[in-house]
Structures are given as C-alpha cells and as structure tokens.
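Visitor: Two chains, two frames, some hints: make the complex.
Quick mapping for you: the protein sequence lines, in order, are chains A and B. Position one of the first sequence corresponds to residue 1096 (my numbering), numbered consecutively onward. Position one of the second sequence corresponds to residue 745 (my numbering), numbered consecutively onward.
There's no promise every hint is true.
Said to hold, decoys possible - Label pairs and their in silico Cβ distance ranges:
#1 P1104(A) - S804(B): 20 to 30 Å
#2 V759(B) - D1252(A): 47 to 57 Å
#3 Q766(B) - A1097(A): 51 to 61 Å
#4 S824(B) - D1252(A): 31 to 41 Å
#5 W783(B) - D1252(A): 51 to 61 Å
#6 S1195(A) - S804(B): 48 to 58 Å
#7 E782(B) - D1271(A): 17 to 27 Å
#8 P1104(A) - H768(B): 36 to 46 Å
#9 H1226(A) - A818(B): 33 to 43 Å
#10 H1226(A) - Q746(B): 46 to 56 Å
#11 A830(B) - L1100(A): 33 to 43 Å
#12 Q766(B) - L1192(A): 33 to 43 Å
Stated by the list, open to error - Derived list of chain B stretches under chain A, where covered just means 3 residues or more per stretch with a C-beta under 8 Å from a C-beta of chain A:
#13 801 to 810
#14 818 to 824
Think of the hints as simulated: they come from the structure by calculation, not from any bench. Even glycine gets a Cβ: it sits at the ideal position worked out from N, Cα and C.
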Amino acid sequence: MAELLRTHPLQAWSTALERLPDTVGITAEPFVAMAVVRLGAAASEALDAALPTVPNTWAQHGTGRAVWLGPDEWLLSSTTETPEQLEARIRAAVVPLGGSVTDVSAQRIGLRLTGARVRDVLAKGCSIDLHPRVFGRGNSAQTLLGQAGVVLLALSDVGDDFLVLVRASFAGYLADWLLDAALEFTPTHDS
Amino acid sequence: MQLIECPWCGPREEVEFHYGGQAHVPYPDAPAEVSDEEWAHYVFFRDNTKGRFAERWCHSAGCRRWFNAIRDTATYRFESVHRLDAPQPHATELARSRRSTAP
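Extracted from the complex, chain B is given alone in its bound form (with noise of 0.2 Å):
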C-alpha cells in the first residue's frame, strides 16, 4: 500500500484517504444564467488525463482536510500535495509534465 503525503500530517497510508475527482473545476460565475448543456458540462464532464492529473483529496481518517495532489494517473505516483490555500499549479506546467510522461 503506499503513502500518501497529508500537507498537514505527513506520510500516512492511502487507506485513510478518499479521492475527490478533478480539481480546480471553475464554478459558472452567474450559474443562473448558464444553458443546461453548460450546467451539465460543469457537473459531469472531467478530464481523463494519462499522466500527470490535479486531483482533490481528502484525509478522512485523520485531520479530515481537503488538499489538492498532482498524481500521475499512470504510474499512481503523487508528484506533489498542494494545500488548498495554496496557489494552484499553473496550467502550462502540468501539460508540460504531462507530454514528458506521454509513451
């Protein structure tokens, strides 16, 4: 099994964490307005990365925080844990090191 690095309480195992899908999916800014095919798009539709993928996380059985982890969808490594104030990753560093892991 392997560990998984809490921004707050270090390495602990990944049977203490669940997964929370995508992160940094924007929130319609006037969600009244939005079409249903755009509504539908913000609730369901996700990328499905190979290779490095910003994914929420959070440490259920422990400090019970969320935090955001860059993890390569391909080899289940976790590159980086990120916690939720802190900025998000830029968006040209992760298609960077996404083309680097690309077979």
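This is chain A alone, in the form it adopts within the complex (with noise of 0.2 Å):
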C-alpha cells in the first residue's frame, strides 16, 4: 500500500503568502499537537500548569499554549509531543478529576500573522477591537473571521503579531480572504 503523506492544507498557497511584504506577513505554522479538555472549573488548577480562568485568555502551558474556550474548557497545545503523547499526559490528569480530554490536533491550523499593518486586515472581517490596549498578549477571541469561525490568540503587546486558529477545512477560504485584505498594502509592480 502506498505511504500516505501528510501534506499541509494551504500548500498550494505557499508561494501567494510568501510574497507578501513584511508588514502583512502571513504564514502557515507547521502542525502542533492539540487537545480539547473539559474540566470543571473548581479542577482547572490541577494540571501542573494552571489553566486560564479569565474568559478570552490564553497561558503559556509548557512548550504550548492554553487557550480559554469555556468556563469548563480549554484547548491544549504542545510542539514537542506527538498527539498520542499530549493526550495521554492530560488525560492522567484530568480524568481522575472526572474530565475529559480529546485529540484535536487535525481539527485546527494555525496562521501567523504579523507586521504593522496585520490588525487593519483582521479588521476588514473581525468585529472585536483589536487594539493593544485591549487586546495585548495573553488575550484571546473565539470570533468570525470573515464567514470562518476562528480563535484569535495576541502574541504581542503591541499588537503586530497575532495567531490565527482555523479548521482545517476553512483555511483555503481564509487565506484567499486574507490576501484579498492585504491587498491593499501589498505593492503591485506593473512590470
């Protein structure tokens, strides 16, 4: 049987997203393992790392992130664990707890976005004010993006660079939709 390789859902739109100039930057992230923990809220401290409480955040948890999705869920990111491995750690630890934990590093991809211009384009198709002072590091969104529901995580303080977390299956959709809104401070030669 042939090998079936993995191959990244917006590789087609490699070469479109690298000619964007720096100011909109965009880029695909590689895959990161994820996991989906429903926990109640009284448990959340339990994991070694504590899960954000405060609605719309996000913590760093070990080489990946937590992210507030609910009062009783987050979701779990890791770089240097496989999926098995993530969910086997959380799952130690939560279902004693009596939660649950499930494996949904496919369900999700990540775009970077970053330069001074990236907060203009989110705003062409985002409702929720991404500015700094309200929206810096450690801030994040469950919002549309466009027609895509999407989780916006700020990496920054300053409001240059953001993570944008998207199904699988919209991602084609949303960067069409991001280079159509980039295209404005992206400079177009005649030649």
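Guide: So, in structure tokens, the structure goes:
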C-alpha cells in the first residue's frame, strides 16, 4: 500500500503567502498537537500548569499554549509532544478529577500574522476590538473572521503579532480572504 | 447591527448568536403521565409577549454557551443577560416591566 503523506491544507497557497510584504506577513504554522480538555472550573488548578480561568485569555503551557474556550473547556497545544503523548499526559491528570480530554490535532491549523498592518487586515472581517490596549498579549477570542469561525490569539503587546487558529477545511477560504484583505498593503508592480 | 452582551465573552456582534426561544419553560414533572394535550402545550405553546421577554440565546460562534436574556420584543433592545446558573428573573418583575412598556 502506498504511504499516505500528510500534506498541509495551505500548501497550494505557500508561494502567494511568501510574496506578501513584511507589514502584512502571513505564514502557515507547522502542525502542532492539540487537545480539548473539559474539566469543572473548580478543578482547573489540577494540571501542573494552571489553566486560564479568565474568559478569552490564553497562557503559556509547557511548550505550547492553553486557550480558554469556555468556563469548563480549554484548548491545549504542544509543539514537542505527539498528539498521542499530549492526550495521554493530560488524560492522566484530568480523568481522576472527572474531566475528559480529546485529541483535536487535525481540527485546526495555525496562521501566524505578523507586521504593522495585520491589525488593519483583521479588522476588515472581525468585529472585535484588536487594539493592543484591550487585546494585548495573553488575550484570545473565538469569533468570526470573514465567514469562518476562528480562535484568535494575541501574541504581542503592540498589536503586530497574531495567531489565527482555523478549521482545516476553512483554511483555504481564509487564506484567500486574508490575501484579498491584504491587497491594499501589498505593493504591485506593473512590470 | 446590534451588539449582544455574552455573559462570558462580553459584547459581540449579533451574527455570532443563535436564538433559542422562550426561557424557563418547565419540563413536566412526570412526562409519562401527562395527556397528549398537555404534552403538546409543553412542546409547542409559547408566550407571544410584546415587551420584555425572557429568552434563551446561544453564543454559537464564540464560547458556544447558552444563556438567558431579557429582551424587549418591541424595541429589540437587550435589557439584561444571565448565566444559566443565575436565578431566573422573578415572574412579577417581568410582568411589571411588561406593563411599563405597554402603550
């Protein structure tokens, strides 16, 4: 049987994304392991690194991140573990407390948006206030970007670094949408 | 477009929410014993209030949590939002506010 190679859903967009100027840089993040944890809020301190309990925030969690998705729901990611290792590690910690964990590594992919104008690009299809005064590093939001549901993470305190987690089947749509939204900040050459 | 205040996420655009109908409709204590007519009333019959109305809403594009809201059906204004674990607004309070908006 032929070996099935995992391909990135945005492979076909890689040249178009590379052509963008630094002020509206968009790069597809490599795959990371992700897991959704459901755990009563009172028990959220149980994991070795505490989960964020303030709505719409994220915190560093080992090599990855812990994102608040709901009062009893978090998205954990890890850049060094395989999805199986991450799920097993979290399961050992939360199942005795009545929680559950599900591997969702294949659900979302990350798009890293860096540059001075990415906030203007995001603002074209996102209604929440992204000014660093209210959406600085550590904030997150689950919202709509264009027509796609996304998890938006602020990685910088000056509003020039965002991570957009989007469902893999929406990634192509969102990449097209972002390229279109970035058009006005992209220098065009007649030659 | 109006902003709806999600009790968890704060004000968000209306398109992120879904409507869930009238809130606080009690499930029958003994569903197997009610008559067909009573069951039909439980399943299909809802108030059609003009004025303040207790409703269920879901922040489906955000935290995906259900919550209760008091909305004025005449002006579309959201008067207040409540988490599901919050006590339900007192019936007389709703009735009083209903009278105050009557023409």
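Visitor: Could you work out which of the previously given hints the structure breaks and list their numbers from low to high?
Guide: Numbers 2, 6, 7, 10, 11, 14, in rising order.
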